[in-house]
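Student: As they're listed, the protein sequences go chains H and B. Residue numbers are given in this note's numbering: position 92 of the first sequence equals residue 133, and the series is strictly consecutive. Residue numbers are given in this note's numbering: position 22 of the second sequence equals residue 610, and the series is strictly consecutive.
If you're looking for bench data, these hints aren't it; they were derived computationally from the structure. Cβ coordinates follow ideal geometry from the N, Cα and C atoms, glycine included. Some hints here could point you the wrong way.
DSS-like, lysine-lysine: derived pairs with alpha carbons at most 25 Å apart [to be verified]:
(1) H/Lys279 <-> B/Lys644
(2) H/Lys185 <-> H/Lys219
(3) H/Lys260 <-> B/Lys644
(4) H/Lys447 <-> H/Lys463
(5) H/Lys100 <-> H/Lys635
(6) H/Lys176 <-> H/Lys97
(7) B/Lys644 <-> H/Lys213
(8) H/Lys463 <-> H/Lys383
(9) H/Lys100 <-> H/Lys176
(10) H/Lys250 <-> B/Lys644
(11) H/Lys447 <-> H/Lys460
(12) H/Lys460 <-> H/Lys479
(13) B/Lys644 <-> H/Lys269
(14) H/Lys466 <-> H/Lys485
(15) B/Lys813 <-> H/Lys550
(16) H/Lys440 <-> H/Lys485
(17) H/Lys615 <-> H/Lys635
(18) H/Lys553 <-> B/Lys763
(19) H/Lys97 <-> H/Lys185
(20) H/Lys490 <-> H/Lys479
(21) H/Lys403 <-> H/Lys383
Quick list of simulated restraints, FRET-style, between CB atoms [claimed, not checked]:
(22) B/Phe736 <-> H/Arg342: 14 to 22 Å
(23) H/Asp255 <-> B/Ala643: 20 to 28 Å
(24) B/Leu689 <-> H/Asp221: 34 to 42 Å
(25) H/Arg350 <-> B/Leu605: 46 to 54 Å
(26) H/Asp255 <-> B/Ile747: 26 to 34 Å
(27) H/Asn474 <-> B/Ile728: 30 to 38 Å
(28) B/Arg597 <-> H/Asn552: 53 to 61 Å
(29) H/Ala259 <-> B/Leu749: 53 to 61 Å
(30) H/Gly105 <-> B/Gly693: 43 to 51 Å
(31) H/Glu338 <-> B/Gly665: 29 to 37 Å
(32) B/Phe736 <-> H/Thr341: 23 to 31 Å
(33) B/Phe736 <-> H/Gly105: 18 to 26 Å
Not close to chain B: a few residues of chain H, all C-beta gaps over 12 Å, as computed [stated by the list, open to error]:
(34) Phe122
(35) Ser211
(36) His251
(37) Asp285
(38) Ala305
(39) Glu307
(40) Ser316
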Amino acid sequence: MDERGLRSLIDKVKAGGMSRRAFVRRMAAVGLTAPMAAQLLAFSGVAMADTKPIYKPTKRGGGGLLKVLWWQGPTLLNPHFAVGTKDQDGSRLFYEPLAAWDRAGNLRAKLAATIPSRDNGQLAADGRSVIWKVKQGVTWHDGKPLTADDVVFTWEYSSNPATATVSSGSYKDVVVEKIDQYTVLVKFQKPTPFWADTFVGWAGCIIPKHLFSDYIGAKSRDAPTNLKPVGTGPYLFKDFKPGDLITGEINPNYHEPNRPYFDAIELKGGGDAVSAARAVLQTGEYHFAWNLQVEDEILTRLEKGGRGRVLVTPGGAIEHMQLNNTDPWTEVDGERSSLKTKHPLLSDPAVRQALSLLIDKKSIQDHIYGRIGIATPNYINNPERFRSKTTKFEFNVDKANAILDKAGWARGPDGIRAKDGKRLKFVYQTSINQPRQKTQAIVKQAAQKAGIDIELKSVTASVFFSSDVANPDTYTKFYTDIEMYTTTMTQPDPGLHMLQFVSWEAASKANKWQGRNITRWQSPECDKLYRESEAELDPVKRAAMFIKMNDLAVQNHIVLGVVQRPTVSAQALKLNAQISGWDNNTSDLSDWFKEA
Amino acid sequence: MSRQYIIRRLLIAIPSLLGISVVLFTVLAMAPGDPFEELATNPAVPPEVRMALRAKFGLDDPIWTRYLHWLAAMLQGDWGFSFASRMDVDELILQRLPVTLIVIGSSQILAILVALPVGVLAATRPYSVFDQIANTLAFIGFSLPTFFTGLLLILIFSIQLDWLPFVYRTDIEAKGWLFYWEHIKQSIMPVAVLGLFQGASLVRYVRSSVLDVIRLDYVTTARSKGIGERKVITKHVVRNALIPVVTLVALQMPIVFGGAIVTEQIFRVPGIGSLLISAMLANDTPVVMGVTFVFACLVVLFNLIADILYGWLDPRIAFR
């Protein structure tokens, strides 16, 4: 789809000839995530549908104690230092951003009075600024009012390099100014179609100025509020034992009517995923359990306990295989997989195409992942109901054989194909994790039938995902031919995601393997598109560029999608917990309730 | 005399603790892993953030500078600062200590309460039916690992019978008797798992120790003086037989702390062991260092206690 096509579609939505939902679905078909599509509409003057959550209770409180289980307990409660999702989830019990992402990828106002749009004039036409209006009458847990000063301060705090916040990526390149007591202006350095990054989601949690202003920069670690949060959220902080327990009690002054339903919350940490699932599904000791990366077979068995159900929420995580573009077996200037080399076998497009035909994704889904890994051809992953129906994946050994035969890779006496003395032999690495080893085995078996010899390599997760410059087995070094892992699109904009395909981001010794382009693909066409997209004022043109980049990467078999990994949680039968795959598990905690 | 001995032993402990800390620190520093690795896979976090954090926490310094920093701080009573929790390590450990002590303490008491009478009874009637049964059960008891018995108990009492909770909570709301009842209910399984495991091996020691003593001449003399069997056993036999057992219990204490790690993980008991596990998973080196160092100190301390107890119980052993 090109720019003109996009425009006509958006016009159709504007005119009412096409539903927002249908538009988002069409966008997903060409590789755009739901939030990105929703942003496109918003920027083009179509207001975002402010989806209201289902909420039945008619008064605040009365729901008793809500017991939730995070098998890795949060270890800190300052959202801007939250290293893992567990910490972000824990912080969201007490802190809130201006807006959160809902399940469909739309913005849902939290501390904002309205969601900015072109219609209400809060979005600048040149894409260089956005105005946020702060909800009035909101108080911090200590009774002080929430104002624009707190919002501006949050930016100051997080953008200060000496504070070293994890959220700084959302703040360092913007300038935030106070317009009046309840209005702030966010200014961007360049036109930014994805304006909803600052102050949204986990990184957007607003922190109280009056408690943190003395602890900015290097002193940040001494702030007592780091461990005793004072926010605006539905629960007041009671107690915190890192890794073990967070307790909170109802906030009687919460800014949304009739919320929250539960009188108190207990977040227990520790243990393992299987027993966490058991405590909800089988014994009913807890009401909710987070991130159950457990084999579906076990979950189904536990569900028979009849006390709870498994909740599968589509999100942005995808398990994918990467094919190396450089030679991992030749050392040049002290590094393997150097940009100065070319992969001796994978530089043949026929080999790449054959490999893409040899991944039996259906079996991988059916026999390994079940509900928690859905086979997909796409790299950009979407909520399942919006998933592209036009792109296809195929498992076809015969076709792979035919392609290799045609390309001149002849079978040797041992059944392994070779050409010009080069045997088709690959090393395929991933981290140690049972489903991954099973997937490796399935791929190896199919490859064998096509005359490709695959050697499997498994690396401990703590090594594979580390940034240890001295270790040859990290995923960013990519010292093998093929590797597989899950990447998560935490940010609902393809901008960062697409860095995977630009030449200047190639991981190398020079950048201590920090580059985001792990496959080291060098495509002048893709680079040009990305550069243009950075300077592109028109969001629709920009979107068309991303779509094209995505197509380039997919057609050239740079990455091969395996399965998308939705968020899996368990909840008690009567609990109505709303989970968004684009935000934290607890982002809509104030709307959780128990059905009568 | 004995005071001098204690002081000397304490002084000897210093170099061994230093040695232990060097080994621990180098092993941890050389082990792979990065406390901020989760940030590496999150595209929303710029790499500079991770670099800044590494620099801030001194992770890029050479190992020996980091060790000297740690040692200097430790000597001033500063246990370090947790990467994952951004709070002081000693505070984290102190938070977990009460639960650990309660669970491990009561399991040790349970072990002794079971092992003493069973061991003594078995020894007074060697090769009787009771002895055979006790022996068999003891063998089974210390052959089964705690993670197995723990899961077994959960399966029976939590899932099949639905009697006991298997998640240990420290924030029980109830007041008065109910509070204690809830605590007892949730402690039964972890304490039973740990206590019976310890008790099983202890039974064997008590039995063999009593068997050794019961054949000695002074016991025969006591019997021939017409002292009742009950009194012979409690006053004359058990008292002497317990000398090696007491030292054994003391020596086993650090091992119990280690063995509790698994049990704590299964029942989500927020003790030192589960702190160690989560710190290791998060590559939170200062906490791992702090907890393992506590364990090292416990080993040294309980060795000393065992030696002192031994001399105190058996005055024939001189302190030198």
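Student: A separate judgement is required for each hint: does it hold in the structure or not?
Tutor: Here is what the structure says about each hint:
Straight-line distance between C-alpha atoms of lysine 279 of chain H and lysine 644 of chain B comes to about 30 Å, which puts the hinted pair past the 25 Å bound. Proposed proximity of lysine 185 of chain H and lysine 219 of chain H is supported: the alpha carbons are some 18 Å apart, at most 25 Å. Distance check on the hinted pair: lysine 260 of chain H and lysine 644 of chain B sit about 12 Å apart at the alpha-carbon level, within 25 Å; holds. Between lysine 447 of chain H and lysine 463 of chain H, the direct Cα distance comes to roughly 16 Å. Compliance with the 25 Å bound is thereby established for this hinted pair.
Taking the CA atoms of lysine 100 of chain H and lysine 635 of chain H, the gap is about 13 Å. The hint holds against a cut of 25 Å. A distance of roughly 23 Å separates the Cα atoms of lysine 176 of chain H and lysine 97 of chain H; the hinted pair therefore holds under the 25 Å criterion. Pair hint lysine 644 of chain B plus lysine 213 of chain H holds up; C-alpha atoms about 18 Å apart against a cutoff of 25 Å. For a cut-off of 25 Å, the pair hint linking lysine 463 of chain H to lysine 383 of chain H stands: about 14 Å separates their Cα positions.
For the given pair, lysine 100 of chain H sits about 21 Å from lysine 176 of chain H by alpha-carbon distance, which is consistent with the 25 Å threshold. Restraint check for lysine 250 of chain H and lysine 644 of chain B: the C-alpha separation of about 24 Å stays at or below 25 Å, so the hint holds. Taking the CA atoms of lysine 447 of chain H and lysine 460 of chain H, the gap is about 12 Å. The hint holds against a cut of 25 Å. Taking the CA atoms of lysine 460 of chain H and lysine 479 of chain H, the gap is about 30 Å. The hint is violated against a cut of 25 Å.
The hinted pair formed by lysine 644 of chain B and lysine 269 of chain H meets the criterion: a straight-line CA distance of about 23 Å does not exceed 25 Å. Between the alpha carbons of lysine 466 of chain H and lysine 485 of chain H the distance comes to roughly 11 Å, so the proposed pair stays at or under 25 Å and holds. Note on lysine 813 of chain B and lysine 550 of chain H: the hinted pairing is violated, with a Cα-Cα distance of about 88 Å set against a maximum of 25 Å. Restraint check: the Cα-Cα separation between lysine 440 of chain H and lysine 485 of chain H comes to about 17 Å, which is no more than 25 Å; the hinted pair holds.
Proposed proximity of lysine 615 of chain H and lysine 635 of chain H is supported: the alpha carbons are some 5 Å apart, at most 25 Å. Restraint check for lysine 553 of chain H and lysine 763 of chain B: not satisfied, since their Cα atoms lie roughly 57 Å apart, outside the 25 Å limit. For a cut-off of 25 Å, the pair hint linking lysine 97 of chain H to lysine 185 of chain H is broken: about 30 Å separates their Cα positions. With a C-alpha separation of about 17 Å, the suggested pair lysine 490 of chain H and lysine 479 of chain H falls inside the 25 Å cut-off, and the hint holds.
Of the supplied pair hints, the one linking lysine 403 of chain H and lysine 383 of chain H is violated, its CA atoms being roughly 32 Å apart against a limit of 25 Å. Checked against the hint of 14 to 22 Å, the C-beta distance between phenylalanine 736 of chain B and arginine 342 of chain H comes to roughly 20 Å, which is consistent with it. Evaluation of the 20 to 28 Å hint for aspartate 255 of chain H and alanine 643 of chain B yields a pass: the beta carbon distance comes to about 23 Å. Our hint of 34 to 42 Å for leucine 689 of chain B and aspartate 221 of chain H is violated, since their Cβ atoms are close to 56 Å apart.
Against the hinted window of 46 to 54 Å, the Cβ-Cβ separation of arginine 350 of chain H and leucine 605 of chain B comes to about 52 Å, which satisfies the hint. Checking the proposed 26 to 34 Å range against aspartate 255 of chain H and isoleucine 747 of chain B shows it is violated: the Cβ atoms sit about 51 Å from each other. The supplied range of 30 to 38 Å is met by asparagine 474 of chain H and isoleucine 728 of chain B, whose beta-carbon atoms lie about 34 Å from each other. Here the CB-CB span from arginine 597 of chain B to asparagine 552 of chain H is close to 54 Å, well matched to the stated 53 to 61 Å.
Between alanine 259 of chain H and leucine 749 of chain B the beta carbon distance is about 56 Å. The supplied range of 53 to 61 Å therefore holds. Between glycine 105 of chain H and glycine 693 of chain B the CB atoms are about 33 Å apart, so this pair departs from the stated range of 43 to 51 Å. The beta-carbon spacing between glutamate 338 of chain H and glycine 665 of chain B, approximately 51 Å, falls outside the hinted interval of 29 to 37 Å. Taking 23 to 31 Å as the suggested C-beta distance range, the pair phenylalanine 736 of chain B and threonine 341 of chain H conforms, at roughly 25 Å.
In this structure the supplied range 18 to 26 Å is violated for phenylalanine 736 of chain B paired with glycine 105 of chain H, their Cβ-Cβ distance being about 36 Å. Listed as a non-interface residue, phenylalanine 122 of chain H fails to keep its Cβ farther than 12 Å from every Cβ of chain B; the least gap is roughly 6 Å. Listed as a non-interface residue, serine 211 of chain H fails to keep its Cβ farther than 12 Å from every Cβ of chain B; the least gap is roughly 7 Å. With a closest Cβ-Cβ approach of about 21 Å to chain B, histidine 251 of chain H is found to remain outside the 12 Å limit, as its non-interface label requires.
The beta carbon of aspartate 285 of chain H sits about 4 Å from the closest Cβ of chain B, which is not more than 12 Å, so the claim that it is off the interface is violated. Its closest Cβ contact with chain B, about 8 Å, brings alanine 305 of chain H to no more than 12 Å, contrary to its assignment away from the interface. A beta-carbon of chain B comes within 12 Å of the beta-carbon of glutamate 307 of chain H; the shortest separation is about 6 Å. A Cβ of chain B approaches the Cβ of serine 316 of chain H within 12 Å, the least distance being about 7 Å, so the stated non-interface status is violated.
When the structure is compared with the earlier hints, violations turn up for hints 1, 12, 15, 18, 19, 21, 24, 26, 30, 31, 33, 34, 35, 37, 38, 39 and 40 and for no others.
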